[in-house]
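Heads up: take any position in the sequence shown, counting from 1, add 620, and you land on the working numbering.
Honestly, the hints are just simulated from the structure, not real lab data. Among the clues, some could well be false.
As the list claims (entries may be wrong) - Cut-off 25 Å, straight-line C-alpha distance, at most; resulting in silico cross-link-like pairs (BS3-like, lysine-lysine): (1) K820 with K680; (2) K923 with K945; (3) K805 with K817; (4) K692 with K768.
What the hints assert, rightly or not - Per label pair, the in silico range of CB-to-CB distance: (5) V1118 with S806: 25 to 31 Å; (6) A1015 with P944: 29 to 35 Å; (7) D740 with V1118: 33 to 39 Å.
Every residue, glycine too, gets a C-beta built ideally from N, C-alpha and C.
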Amino acid sequence: MSEVLNKTGYPSIDKPWNRYFNQIDGGHTVEVPTETIYNYLKKCNADNLDGYALDFFGHKITYGELFDRVEKVAVSMRELGIQEDEIISIISVNAVEPYELMYAANRAGAVFDFISCLADHKALVHYFQDNESKKVFVLDLFAEKVIKAAKEAGFADKIVVFDLADEMPALTRIGYKLKTRKQDKSFYNDPMVMKYKDFKALSDGKAPLDFEKDASKPAALAHTGGTTGFPKAVLLKDVSFNGVACVYNHYQPLHEGLSYCINTVPPIVVYGYSVGMHMPMCAKATQAIMPKFEPEKWPEFIKKYKPAYIVAVPAFLIPMLENPKMEGLDMSDLTILGVGGDGCTNAFEADVNAFIKAHGCKTEVVKGYGMTEVGASACTTYPTGYAQGDFPVNALGSVGFPHPVNEFVIWDNENNCECKYDEIGEICMHCSTEMVAYKDQPEETANIHKVHPDGKSWIHTGDLGYFNEDGLLFISGRMKRIILTVQDNIGYKVFPIVPEEALAMHPAIQDVCVVAMSNDKDNRLKAFVSLKEDNNHDQATVEKELRELASNELNGYECPYLYEFRATLPLTPAGKVDYKTLEKQA
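When you get a sec, could you build the whole thing from the sequences and use the hints?
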(Lines of atoms letter the chains of each structure in order from A and count residues from 1; the text may use other names and numbers.)
(Lines give C-alpha, C1' and ligand atoms only; values in the text may rest on other atoms or scores of the structure.)
Protein backbone atom coordinates (compact mmCIF):
# COMPACT_ATOMS: atom_id res chain seq x y z
CA MET A 1 0.00 0.00 0.00
CA SER A 2 1.51 3.33 -1.00
CA GLU A 3 2.05 6.11 1.49
CA VAL A 4 0.17 8.48 -0.82
CA LEU A 5 -3.03 6.47 -0.45
CA ASN A 6 -2.70 6.05 3.31
CA LYS A 7 -1.22 9.45 3.96
CA THR A 8 -2.38 9.91 7.58
CA GLY A 9 -2.29 6.32 8.80
CA TYR A 10 -5.90 6.58 10.04
CA PRO A 11 -8.51 4.59 8.07
CA SER A 12 -11.49 6.89 8.74
CA ILE A 13 -9.56 9.83 7.28
CA ASP A 14 -7.80 8.08 4.40
CA LYS A 15 -10.86 6.01 3.44
CA PRO A 16 -8.87 3.55 1.29
CA TRP A 17 -12.14 1.83 0.31
CA ASN A 18 -13.04 4.84 -1.81
CA ARG A 19 -10.65 3.58 -4.50
CA TYR A 20 -13.01 0.68 -5.09
CA PHE A 21 -16.20 2.76 -5.19
CA ASN A 22 -14.56 5.40 -7.42
CA GLN A 23 -13.52 2.64 -9.77
CA ILE A 24 -17.10 1.40 -10.10
CA ASP A 25 -18.96 4.66 -10.57
CA GLY A 26 -16.39 7.47 -10.61
CA GLY A 27 -17.43 8.60 -7.15
CA HIS A 28 -20.08 8.24 -4.50
CA THR A 29 -23.15 8.60 -6.70
CA VAL A 30 -25.35 6.29 -4.66
CA GLU A 31 -27.97 8.23 -2.74
CA VAL A 32 -29.96 6.89 0.18
CA PRO A 33 -33.67 6.64 -0.74
CA THR A 34 -35.92 8.99 1.19
CA GLU A 35 -39.19 7.23 0.44
CA THR A 36 -40.94 4.51 2.41
CA ILE A 37 -40.01 0.82 2.13
CA TYR A 38 -43.10 0.10 0.03
CA ASN A 39 -42.71 3.09 -2.26
CA TYR A 40 -39.05 2.28 -2.85
CA LEU A 41 -39.97 -1.29 -3.80
CA LYS A 42 -42.57 0.06 -6.24
CA LYS A 43 -40.05 2.52 -7.67
CA CYS A 44 -37.47 -0.23 -8.23
CA ASN A 45 -40.03 -2.39 -10.02
CA ALA A 46 -41.95 0.28 -11.93
CA ASP A 47 -40.85 -1.30 -15.22
CA ASN A 48 -41.12 -4.86 -13.89
CA LEU A 49 -44.80 -5.23 -12.99
CA ASP A 50 -45.09 -8.42 -15.04
CA GLY A 51 -41.96 -9.90 -13.48
CA TYR A 52 -42.40 -12.51 -10.80
CA ALA A 53 -41.98 -11.36 -7.22
CA LEU A 54 -42.86 -14.57 -5.36
CA ASP A 55 -42.81 -18.26 -6.21
CA PHE A 56 -44.55 -20.40 -3.61
CA PHE A 57 -44.42 -24.07 -4.63
CA GLY A 58 -45.05 -23.01 -8.23
CA HIS A 59 -47.74 -20.43 -7.43
CA LYS A 60 -46.15 -17.35 -8.98
CA ILE A 61 -47.18 -13.80 -8.08
CA THR A 62 -46.05 -10.87 -10.21
CA TYR A 63 -44.92 -7.57 -8.77
CA GLY A 64 -48.05 -5.93 -10.16
CA GLU A 65 -50.21 -8.53 -8.41
CA LEU A 66 -48.24 -8.14 -5.18
CA PHE A 67 -48.76 -4.38 -5.20
CA ASP A 68 -52.51 -4.85 -5.73
CA ARG A 69 -52.58 -7.26 -2.78
CA VAL A 70 -50.64 -4.86 -0.58
CA GLU A 71 -53.03 -1.99 -1.32
CA LYS A 72 -56.03 -4.15 -0.38
CA VAL A 73 -54.43 -5.54 2.77
CA ALA A 74 -53.53 -1.99 3.83
CA VAL A 75 -57.21 -1.05 3.53
CA SER A 76 -58.18 -4.15 5.51
CA MET A 77 -55.75 -3.10 8.23
CA ARG A 78 -57.40 0.28 8.51
CA GLU A 79 -60.85 -1.36 8.54
CA LEU A 80 -59.65 -3.61 11.36
CA GLY A 81 -58.74 -0.51 13.32
CA ILE A 82 -54.97 -0.43 12.78
CA GLN A 83 -53.86 3.19 12.92
CA GLU A 84 -50.73 5.11 11.97
CA ASP A 85 -47.73 4.33 14.25
CA GLU A 86 -49.50 1.29 15.74
CA ILE A 87 -47.32 -1.80 16.15
CA ILE A 88 -48.59 -5.07 14.68
CA SER A 89 -47.02 -8.45 15.45
CA ILE A 90 -46.30 -11.06 12.76
CA ILE A 91 -45.31 -14.64 13.67
CA SER A 92 -44.58 -16.91 10.74
CA VAL A 93 -42.12 -18.92 8.70
CA ASN A 94 -41.29 -17.81 5.16
CA ALA A 95 -44.62 -17.59 3.34
CA VAL A 96 -46.59 -15.27 1.06
CA GLU A 97 -48.49 -13.53 3.86
CA PRO A 98 -45.43 -12.00 5.62
CA TYR A 99 -44.60 -10.14 2.39
CA GLU A 100 -48.16 -8.82 2.09
CA LEU A 101 -48.26 -7.84 5.76
CA MET A 102 -44.84 -6.18 5.89
CA TYR A 103 -45.48 -3.92 2.92
CA ALA A 104 -49.16 -3.33 3.77
CA ALA A 105 -48.24 -2.23 7.29
CA ASN A 106 -45.77 0.20 5.74
CA ARG A 107 -48.41 1.42 3.29
CA ALA A 108 -50.82 2.04 6.19
CA GLY A 109 -48.21 3.78 8.33
CA ALA A 110 -48.14 1.00 10.92
CA VAL A 111 -45.00 -0.54 12.44
CA PHE A 112 -44.40 -4.23 11.75
CA ASP A 113 -42.75 -6.49 14.31
CA PHE A 114 -41.61 -9.94 13.18
CA ILE A 115 -41.51 -12.11 16.31
CA SER A 116 -39.64 -15.41 16.23
CA CYS A 117 -41.90 -18.39 15.62
CA LEU A 118 -39.43 -20.34 17.79
CA ALA A 119 -40.13 -18.21 20.87
CA ASP A 120 -41.50 -20.02 23.90
CA HIS A 121 -44.41 -18.84 26.06
CA LYS A 122 -42.30 -16.66 28.35
CA ALA A 123 -40.57 -14.95 25.45
CA LEU A 124 -43.84 -14.37 23.57
CA VAL A 125 -45.44 -12.75 26.62
CA HIS A 126 -42.40 -10.50 26.94
CA TYR A 127 -42.56 -9.49 23.26
CA PHE A 128 -46.29 -8.74 23.42
CA GLN A 129 -45.91 -6.72 26.61
CA ASP A 130 -43.01 -4.86 25.03
CA ASN A 131 -44.71 -3.93 21.75
CA GLU A 132 -48.26 -3.64 23.15
CA SER A 133 -49.70 -5.04 19.91
CA LYS A 134 -53.46 -4.95 19.66
CA LYS A 135 -53.42 -6.83 16.37
CA VAL A 136 -51.45 -10.06 15.90
CA PHE A 137 -51.01 -11.98 12.64
CA VAL A 138 -49.90 -15.58 13.00
CA LEU A 139 -49.44 -18.74 10.95
CA ASP A 140 -51.89 -21.39 12.15
CA LEU A 141 -49.05 -23.76 13.11
CA PHE A 142 -48.14 -21.38 15.96
CA ALA A 143 -51.61 -20.01 16.70
CA GLU A 144 -52.32 -21.95 19.90
CA LYS A 145 -49.22 -20.80 21.78
CA VAL A 146 -49.48 -17.26 20.40
CA ILE A 147 -53.13 -16.87 21.46
CA LYS A 148 -52.29 -18.06 24.96
CA ALA A 149 -49.35 -15.67 25.29
CA ALA A 150 -51.21 -12.71 23.77
CA LYS A 151 -54.06 -13.14 26.24
CA GLU A 152 -51.65 -13.27 29.16
CA ALA A 153 -49.87 -10.12 27.92
CA GLY A 154 -53.25 -8.39 27.88
CA PHE A 155 -53.02 -6.05 24.89
CA ALA A 156 -54.31 -7.96 21.84
CA ASP A 157 -57.94 -7.62 20.82
CA LYS A 158 -57.75 -9.44 17.48
CA ILE A 159 -55.58 -12.33 16.28
CA VAL A 160 -55.63 -13.00 12.54
CA VAL A 161 -54.62 -16.54 11.55
CA PHE A 162 -53.44 -17.63 8.11
CA ASP A 163 -52.79 -21.06 6.59
CA LEU A 164 -49.92 -22.04 4.25
CA ALA A 165 -52.40 -24.00 2.15
CA ASP A 166 -54.22 -20.84 1.09
CA GLU A 167 -51.47 -19.85 -1.36
CA MET A 168 -50.45 -23.32 -2.54
CA PRO A 169 -51.25 -24.73 -5.99
CA ALA A 170 -54.12 -27.24 -5.95
CA LEU A 171 -52.14 -30.50 -5.88
CA THR A 172 -49.66 -29.21 -3.31
CA ARG A 173 -52.56 -27.95 -1.19
CA ILE A 174 -54.23 -31.37 -1.17
CA GLY A 175 -51.03 -33.06 -0.03
CA TYR A 176 -50.43 -30.46 2.66
CA LYS A 177 -54.00 -30.71 3.95
CA LEU A 178 -53.67 -34.47 4.26
CA LYS A 179 -50.38 -34.09 6.12
CA THR A 180 -51.81 -31.59 8.61
CA ARG A 181 -55.32 -33.01 8.89
CA LYS A 182 -54.85 -33.95 12.56
CA GLN A 183 -53.92 -30.41 13.59
CA ASP A 184 -56.25 -29.08 16.27
CA LYS A 185 -57.83 -25.91 14.91
CA SER A 186 -60.40 -25.36 17.60
CA PHE A 187 -58.73 -21.99 18.24
CA TYR A 188 -60.82 -20.64 15.33
CA ASN A 189 -63.79 -20.78 17.72
CA ASP A 190 -62.20 -18.14 19.91
CA PRO A 191 -64.04 -14.81 19.37
CA MET A 192 -60.68 -13.04 19.39
CA VAL A 193 -59.56 -15.04 16.31
CA MET A 194 -60.24 -14.10 12.69
CA LYS A 195 -59.33 -16.03 9.54
CA TYR A 196 -56.97 -14.24 7.18
CA LYS A 197 -59.36 -14.56 4.24
CA ASP A 198 -62.07 -12.84 6.29
CA PHE A 199 -59.58 -10.15 7.25
CA LYS A 200 -58.71 -9.55 3.59
CA ALA A 201 -62.42 -9.37 2.71
CA LEU A 202 -62.71 -6.24 4.88
CA SER A 203 -61.34 -4.25 1.93
CA ASP A 204 -64.03 -5.43 -0.51
CA GLY A 205 -65.74 -2.44 -2.07
CA LYS A 206 -63.52 0.04 -0.18
CA ALA A 207 -61.49 2.80 -1.79
CA PRO A 208 -57.65 2.72 -1.63
CA LEU A 209 -56.04 4.51 1.30
CA ASP A 210 -55.71 8.24 0.86
CA PHE A 211 -52.62 8.39 3.01
CA GLU A 212 -48.84 8.59 2.74
CA LYS A 213 -46.58 7.42 5.53
CA ASP A 214 -43.93 9.78 6.89
CA ALA A 215 -40.68 7.98 6.08
CA SER A 216 -38.91 9.61 9.02
CA LYS A 217 -41.15 7.74 11.45
CA PRO A 218 -40.51 4.16 12.63
CA ALA A 219 -41.27 1.43 10.09
CA ALA A 220 -40.32 -1.70 12.01
CA LEU A 221 -39.68 -3.00 15.48
CA ALA A 222 -36.80 -5.48 15.39
CA HIS A 223 -35.14 -7.52 18.10
CA THR A 224 -31.44 -7.89 18.81
CA GLY A 225 -29.81 -11.30 18.76
CA GLY A 226 -29.94 -11.75 22.51
CA THR A 227 -26.33 -12.87 22.98
CA THR A 228 -25.81 -10.11 25.53
CA GLY A 229 -29.06 -10.55 27.47
CA PHE A 230 -32.78 -10.53 26.63
CA PRO A 231 -33.25 -9.08 23.13
CA LYS A 232 -33.74 -5.32 22.98
CA ALA A 233 -36.57 -3.85 20.90
CA VAL A 234 -35.15 -1.65 18.14
CA LEU A 235 -37.23 0.92 16.26
CA LEU A 236 -36.01 1.13 12.66
CA LYS A 237 -36.85 3.68 9.98
CA ASP A 238 -37.59 3.07 6.31
CA VAL A 239 -34.05 4.15 5.46
CA SER A 240 -32.71 1.34 7.64
CA PHE A 241 -33.99 -1.06 4.97
CA ASN A 242 -33.74 1.06 1.85
CA GLY A 243 -30.21 2.24 2.60
CA VAL A 244 -28.99 -1.35 2.73
CA ALA A 245 -30.95 -2.32 -0.39
CA CYS A 246 -29.75 0.59 -2.52
CA VAL A 247 -26.06 0.04 -1.69
CA TYR A 248 -26.10 -3.68 -2.42
CA ASN A 249 -28.08 -3.26 -5.61
CA HIS A 250 -25.88 -0.41 -6.83
CA TYR A 251 -22.58 -2.18 -6.29
CA GLN A 252 -23.65 -5.85 -6.52
CA PRO A 253 -26.38 -5.97 -9.19
CA LEU A 254 -28.07 -9.26 -10.03
CA HIS A 255 -28.55 -10.65 -13.54
CA GLU A 256 -30.90 -8.86 -15.89
CA GLY A 257 -34.12 -10.77 -16.37
CA LEU A 258 -35.36 -13.62 -14.21
CA SER A 259 -33.16 -13.98 -11.12
CA TYR A 260 -34.20 -16.31 -8.33
CA CYS A 261 -33.31 -15.69 -4.71
CA ILE A 262 -33.16 -18.48 -2.15
CA ASN A 263 -33.48 -16.96 1.30
CA THR A 264 -32.82 -19.61 3.95
CA VAL A 265 -33.28 -17.17 6.85
CA PRO A 266 -36.83 -17.01 8.29
CA PRO A 267 -38.39 -13.62 9.14
CA ILE A 268 -37.32 -13.76 12.79
CA VAL A 269 -34.27 -11.46 12.61
CA VAL A 270 -33.77 -8.22 10.70
CA TYR A 271 -31.11 -9.91 8.53
CA GLY A 272 -33.83 -12.25 7.27
CA TYR A 273 -36.34 -9.61 6.22
CA SER A 274 -33.97 -6.80 5.26
CA VAL A 275 -31.15 -8.54 3.41
CA GLY A 276 -33.16 -11.69 2.67
CA MET A 277 -36.58 -10.30 1.72
CA HIS A 278 -36.56 -6.58 0.89
CA MET A 279 -33.17 -6.14 -0.74
CA PRO A 280 -33.45 -8.87 -3.42
CA MET A 281 -36.93 -7.67 -4.37
CA CYS A 282 -35.62 -4.15 -4.86
CA ALA A 283 -33.25 -5.81 -7.35
CA LYS A 284 -36.25 -7.30 -9.20
CA ALA A 285 -35.48 -10.82 -8.00
CA THR A 286 -38.02 -13.62 -7.64
CA GLN A 287 -38.24 -15.01 -4.12
CA ALA A 288 -38.35 -18.80 -3.99
CA ILE A 289 -40.38 -19.10 -0.79
CA MET A 290 -39.70 -22.15 1.36
CA PRO A 291 -41.66 -22.32 4.64
CA LYS A 292 -39.23 -24.85 6.09
CA PHE A 293 -35.82 -24.78 4.50
CA GLU A 294 -34.52 -28.33 4.15
CA PRO A 295 -30.73 -28.21 3.68
CA GLU A 296 -30.57 -31.80 2.44
CA LYS A 297 -32.52 -30.65 -0.65
CA TRP A 298 -29.85 -28.24 -1.92
CA PRO A 299 -29.36 -30.27 -5.15
CA GLU A 300 -33.08 -30.06 -5.89
CA PHE A 301 -33.18 -26.31 -5.23
CA ILE A 302 -30.11 -25.61 -7.37
CA LYS A 303 -31.54 -27.58 -10.29
CA LYS A 304 -35.03 -26.07 -10.02
CA TYR A 305 -34.29 -22.41 -9.41
CA LYS A 306 -30.74 -21.85 -10.73
CA PRO A 307 -30.46 -19.11 -8.09
CA ALA A 308 -28.57 -15.91 -8.76
CA TYR A 309 -28.68 -14.97 -5.09
CA ILE A 310 -28.55 -17.06 -1.91
CA VAL A 311 -28.88 -15.69 1.64
CA ALA A 312 -27.70 -18.13 4.28
CA VAL A 313 -26.13 -18.74 7.64
CA PRO A 314 -23.13 -21.11 7.76
CA ALA A 315 -25.12 -23.95 9.35
CA PHE A 316 -27.37 -24.18 6.27
CA LEU A 317 -24.47 -24.29 3.80
CA ILE A 318 -22.63 -27.19 5.42
CA PRO A 319 -25.14 -29.78 4.11
CA MET A 320 -24.60 -28.41 0.60
CA LEU A 321 -20.89 -29.09 0.82
CA GLU A 322 -21.42 -32.59 2.21
CA ASN A 323 -24.22 -33.72 -0.13
CA PRO A 324 -22.92 -36.20 -2.76
CA LYS A 325 -25.84 -35.32 -5.05
CA MET A 326 -24.30 -31.88 -5.56
CA GLU A 327 -21.51 -33.43 -7.60
CA GLY A 328 -21.49 -32.10 -11.15
CA LEU A 329 -24.28 -29.56 -10.63
CA ASP A 330 -23.92 -26.24 -12.43
CA MET A 331 -23.91 -23.17 -10.17
CA SER A 332 -22.67 -20.69 -12.79
CA ASP A 333 -25.84 -18.56 -12.42
CA LEU A 334 -24.93 -17.75 -8.83
CA THR A 335 -23.92 -14.09 -8.57
CA ILE A 336 -24.05 -13.58 -4.81
CA LEU A 337 -23.77 -16.08 -1.98
CA GLY A 338 -24.35 -13.91 1.07
CA VAL A 339 -23.33 -15.24 4.48
CA GLY A 340 -23.41 -13.35 7.77
CA GLY A 341 -19.85 -12.64 8.89
CA ASP A 342 -20.43 -13.97 12.40
CA GLY A 343 -19.64 -17.67 12.63
CA CYS A 344 -18.08 -17.85 9.17
CA THR A 345 -14.61 -19.14 10.03
CA ASN A 346 -11.68 -18.82 7.63
CA ALA A 347 -11.62 -22.58 7.14
CA PHE A 348 -15.33 -22.71 6.36
CA GLU A 349 -15.09 -19.74 4.00
CA ALA A 350 -12.24 -21.36 2.10
CA ASP A 351 -14.18 -24.64 1.83
CA VAL A 352 -17.27 -22.88 0.45
CA ASN A 353 -15.23 -20.85 -2.04
CA ALA A 354 -13.50 -23.98 -3.33
CA PHE A 355 -16.85 -25.79 -3.54
CA ILE A 356 -18.77 -23.20 -5.54
CA LYS A 357 -15.77 -22.61 -7.81
CA ALA A 358 -15.68 -26.34 -8.58
CA HIS A 359 -19.36 -26.01 -9.57
CA GLY A 360 -18.81 -23.24 -12.10
CA CYS A 361 -19.41 -20.19 -9.91
CA LYS A 362 -17.16 -17.23 -10.73
CA THR A 363 -17.63 -15.41 -7.43
CA GLU A 364 -16.82 -16.05 -3.78
CA VAL A 365 -18.72 -15.95 -0.49
CA VAL A 366 -19.94 -12.42 0.22
CA LYS A 367 -19.76 -11.63 3.94
CA GLY A 368 -21.08 -8.66 5.82
CA TYR A 369 -21.00 -7.00 9.18
CA GLY A 370 -23.56 -4.93 11.00
CA MET A 371 -26.10 -5.08 13.77
CA THR A 372 -29.85 -4.83 14.20
CA GLU A 373 -29.47 -1.19 15.22
CA VAL A 374 -28.35 -0.22 11.68
CA GLY A 375 -30.61 -2.47 9.62
CA ALA A 376 -28.42 -5.62 9.76
CA SER A 377 -25.68 -4.72 7.28
CA ALA A 378 -23.32 -1.73 7.37
CA CYS A 379 -20.21 -3.23 5.81
CA THR A 380 -19.70 -5.87 3.12
CA THR A 381 -17.25 -7.64 0.89
CA TYR A 382 -17.81 -7.62 -2.86
CA PRO A 383 -17.79 -10.47 -5.37
CA THR A 384 -14.43 -11.10 -6.98
CA GLY A 385 -14.29 -9.63 -10.46
CA TYR A 386 -16.14 -6.41 -9.62
CA ALA A 387 -12.86 -4.51 -9.34
CA GLN A 388 -10.20 -3.97 -11.98
CA GLY A 389 -6.71 -5.40 -11.59
CA ASP A 390 -5.75 -6.99 -8.30
CA PHE A 391 -7.65 -4.64 -6.00
CA PRO A 392 -8.72 -6.76 -2.99
CA VAL A 393 -12.47 -6.78 -2.38
CA ASN A 394 -12.95 -10.07 -0.58
CA ALA A 395 -9.95 -11.19 1.48
CA LEU A 396 -10.27 -14.39 3.50
CA GLY A 397 -11.58 -13.58 6.97
CA SER A 398 -12.57 -10.01 6.14
CA VAL A 399 -16.10 -8.60 6.32
CA GLY A 400 -15.33 -5.96 3.72
CA PHE A 401 -15.65 -2.21 3.25
CA PRO A 402 -18.07 0.17 4.98
CA HIS A 403 -21.08 0.96 2.81
CA PRO A 404 -20.42 4.32 1.15
CA VAL A 405 -23.41 5.80 3.00
CA ASN A 406 -21.79 4.93 6.36
CA GLU A 407 -18.73 5.93 8.33
CA PHE A 408 -16.57 3.59 10.40
CA VAL A 409 -13.78 4.13 12.89
CA ILE A 410 -11.75 1.76 15.07
CA TRP A 411 -11.61 3.37 18.51
CA ASP A 412 -9.06 3.19 21.31
CA ASN A 413 -11.31 3.67 24.34
CA GLU A 414 -8.43 3.97 26.80
CA ASN A 415 -6.82 6.88 24.97
CA ASN A 416 -10.04 8.25 23.38
CA CYS A 417 -8.58 8.30 19.88
CA GLU A 418 -8.71 6.44 16.58
CA CYS A 419 -6.60 3.35 16.02
CA LYS A 420 -4.23 3.16 13.07
CA TYR A 421 -4.14 0.41 10.47
CA ASP A 422 -3.91 -3.13 11.90
CA GLU A 423 -4.50 -1.89 15.46
CA ILE A 424 -7.36 -3.61 17.30
CA GLY A 425 -10.00 -1.43 18.89
CA GLU A 426 -13.76 -1.10 19.24
CA ILE A 427 -15.69 -0.90 15.97
CA CYS A 428 -17.78 2.29 15.88
CA MET A 429 -20.30 3.32 13.25
CA HIS A 430 -21.99 6.52 12.14
CA CYS A 431 -24.68 5.29 9.75
CA SER A 432 -27.44 6.78 7.62
CA THR A 433 -29.41 3.60 8.34
CA GLU A 434 -29.26 3.96 12.14
CA MET A 435 -32.23 3.12 14.31
CA VAL A 436 -34.63 5.66 15.78
CA ALA A 437 -34.05 4.31 19.30
CA TYR A 438 -34.47 1.33 21.56
CA LYS A 439 -38.18 1.27 22.34
CA ASP A 440 -38.90 2.80 25.75
CA GLN A 441 -35.23 2.53 26.75
CA PRO A 442 -33.71 6.03 26.56
CA GLU A 443 -30.80 5.10 28.83
CA GLU A 444 -29.84 2.11 26.66
CA THR A 445 -30.15 4.31 23.56
CA ALA A 446 -27.82 6.86 25.11
CA ASN A 447 -25.37 4.21 26.33
CA ILE A 448 -24.70 2.79 22.87
CA HIS A 449 -23.80 6.25 21.55
CA LYS A 450 -20.71 8.29 22.36
CA VAL A 451 -19.68 11.69 21.06
CA HIS A 452 -16.13 11.65 19.72
CA PRO A 453 -13.78 14.63 19.46
CA ASP A 454 -15.05 15.21 15.91
CA GLY A 455 -18.42 16.15 17.43
CA LYS A 456 -20.29 13.22 15.83
CA SER A 457 -22.32 10.69 17.76
CA TRP A 458 -21.03 7.18 17.08
CA ILE A 459 -22.59 3.81 17.82
CA HIS A 460 -20.16 1.77 19.92
CA THR A 461 -20.81 -1.80 18.80
CA GLY A 462 -19.00 -3.69 21.55
CA ASP A 463 -17.18 -5.60 18.80
CA LEU A 464 -13.42 -5.54 18.37
CA GLY A 465 -11.70 -5.32 15.01
CA TYR A 466 -9.22 -3.56 12.77
CA PHE A 467 -8.79 -2.20 9.25
CA ASN A 468 -5.88 -3.39 7.15
CA GLU A 469 -4.19 -1.00 4.73
CA ASP A 470 -6.53 -1.99 1.92
CA GLY A 471 -9.47 -0.72 3.98
CA LEU A 472 -10.90 -4.18 4.72
CA LEU A 473 -12.43 -4.75 8.14
CA PHE A 474 -11.55 -7.79 10.23
CA ILE A 475 -13.47 -8.85 13.35
CA SER A 476 -11.40 -9.84 16.38
CA GLY A 477 -14.22 -10.64 18.82
CA ARG A 478 -16.54 -8.98 21.30
CA MET A 479 -15.33 -6.72 24.07
CA LYS A 480 -17.49 -8.67 26.50
CA ARG A 481 -15.96 -11.91 25.21
CA ILE A 482 -12.44 -11.06 26.25
CA ILE A 483 -11.32 -13.79 28.64
CA LEU A 484 -8.77 -12.86 31.30
CA THR A 485 -6.82 -16.04 31.88
CA VAL A 486 -3.79 -16.79 34.04
CA GLN A 487 -0.75 -18.87 33.13
CA ASP A 488 2.33 -19.13 35.33
CA ASN A 489 0.93 -16.37 37.53
CA ILE A 490 0.80 -13.96 34.60
CA GLY A 491 -2.53 -12.57 33.34
CA TYR A 492 -3.35 -12.61 29.63
CA LYS A 493 -6.23 -11.35 27.49
CA VAL A 494 -7.67 -13.98 25.18
CA PHE A 495 -10.00 -13.16 22.29
CA PRO A 496 -11.99 -16.45 21.92
CA ILE A 497 -12.25 -15.99 18.17
CA VAL A 498 -8.48 -16.66 17.90
CA PRO A 499 -8.49 -20.23 19.30
CA GLU A 500 -11.87 -20.87 17.65
CA GLU A 501 -10.46 -19.99 14.23
CA ALA A 502 -7.41 -22.18 14.83
CA LEU A 503 -9.41 -25.22 15.96
CA ALA A 504 -11.89 -24.78 13.10
CA MET A 505 -9.08 -25.59 10.67
CA HIS A 506 -9.41 -29.25 11.67
CA PRO A 507 -11.37 -30.97 8.87
CA ALA A 508 -13.63 -32.86 11.31
CA ILE A 509 -14.92 -29.75 13.09
CA GLN A 510 -18.50 -28.58 12.53
CA ASP A 511 -18.72 -25.89 15.23
CA VAL A 512 -16.44 -24.81 18.06
CA CYS A 513 -16.89 -22.35 20.91
CA VAL A 514 -14.21 -21.44 23.46
CA VAL A 515 -15.23 -20.10 26.88
CA ALA A 516 -13.68 -19.74 30.32
CA MET A 517 -14.06 -22.66 32.70
CA SER A 518 -16.52 -21.83 35.45
CA ASN A 519 -15.24 -21.94 39.04
CA ASP A 520 -11.64 -22.12 37.83
CA LYS A 521 -9.37 -19.68 39.66
CA ASP A 522 -7.13 -19.23 36.62
CA ASN A 523 -10.03 -18.87 34.15
CA ARG A 524 -8.55 -21.56 31.94
CA LEU A 525 -10.20 -22.24 28.59
CA LYS A 526 -12.68 -24.92 27.61
CA ALA A 527 -13.60 -25.77 24.02
CA PHE A 528 -17.06 -27.07 23.17
CA VAL A 529 -16.87 -28.98 19.90
CA SER A 530 -19.34 -30.57 17.49
CA LEU A 531 -18.12 -32.82 14.68
CA LYS A 532 -19.27 -33.16 11.09
CA GLU A 533 -21.64 -36.03 10.39
CA ASP A 534 -19.24 -37.69 7.95
CA ASN A 535 -16.34 -37.59 10.43
CA ASN A 536 -14.67 -41.01 10.64
CA HIS A 537 -12.44 -40.30 13.65
CA ASP A 538 -13.30 -41.10 17.24
CA GLN A 539 -13.47 -38.24 19.73
CA ALA A 540 -10.26 -39.26 21.50
CA THR A 541 -8.31 -39.07 18.24
CA VAL A 542 -9.86 -35.72 17.29
CA GLU A 543 -9.11 -34.27 20.72
CA LYS A 544 -5.47 -35.36 20.45
CA GLU A 545 -5.21 -33.75 17.01
CA LEU A 546 -6.90 -30.55 18.26
CA ARG A 547 -4.42 -30.28 21.11
CA GLU A 548 -1.55 -30.67 18.63
CA LEU A 549 -3.13 -28.11 16.32
CA ALA A 550 -3.59 -25.62 19.16
CA SER A 551 -0.01 -26.14 20.32
CA ASN A 552 1.29 -25.36 16.83
CA GLU A 553 -0.99 -22.42 16.03
CA LEU A 554 -1.58 -20.66 19.37
CA ASN A 555 0.19 -19.17 22.34
CA GLY A 556 0.14 -21.40 25.39
CA TYR A 557 -2.39 -19.26 27.23
CA GLU A 558 -4.76 -19.44 24.21
CA CYS A 559 -4.88 -23.27 24.21
CA PRO A 560 -8.00 -24.88 25.72
CA TYR A 561 -7.41 -26.92 28.85
CA LEU A 562 -10.56 -29.01 28.44
CA TYR A 563 -12.52 -30.25 25.43
CA GLU A 564 -16.16 -31.32 25.47
CA PHE A 565 -17.76 -32.95 22.44
CA ARG A 566 -21.46 -32.51 21.69
CA ALA A 567 -23.71 -33.57 18.85
CA THR A 568 -24.64 -29.91 18.26
CA LEU A 569 -23.92 -26.58 19.91
CA PRO A 570 -26.80 -24.32 21.04
CA LEU A 571 -27.73 -21.50 18.69
CA THR A 572 -29.38 -18.13 19.20
CA PRO A 573 -32.50 -17.25 17.13
CA ALA A 574 -30.10 -15.48 14.74
CA GLY A 575 -28.30 -18.76 14.05
CA LYS A 576 -25.13 -17.89 15.97
CA VAL A 577 -23.48 -20.19 18.49
CA ASP A 578 -24.95 -19.24 21.86
CA TYR A 579 -21.77 -18.72 23.85
CA LYS A 580 -23.73 -17.28 26.79
CA THR A 581 -25.43 -20.63 27.35
CA LEU A 582 -22.13 -22.48 27.03
CA GLU A 583 -20.45 -20.13 29.51
CA LYS A 584 -23.02 -21.22 32.09
CA GLN A 585 -22.34 -24.88 31.31
CA ALA A 586 -18.55 -24.71 31.34
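Do the hints match the structure? See the list:
1. With a C-alpha separation of about 19 Å, the suggested pairing of K820 with K680 holds against the 25 Å cut-off.
2. A hinted pair counts as satisfied when its Cα atoms are at most 25 Å apart, and K923 with K945 qualifies at roughly 11 Å.
3. For the proposed pair K805 and K817, the alpha carbon gap of about 16 Å is at most 25 Å, so the pair holds.
4. The suggested pairing of K692 with K768 is violated, with an alpha-carbon distance near 29 Å, which exceeds 25 Å.
5. For V1118 and S806, the Cβ-Cβ distance of about 54 Å falls outside the hinted range of 25 to 31 Å, so the restraint is violated.
6. Look at A1015 against P944: about 31 Å separates their beta carbons, and that is inside 29 to 35 Å.
7. In this structure, D740 and V1118 meet the distance hint of 33 to 39 Å, their C-beta atoms being roughly 34 Å apart.
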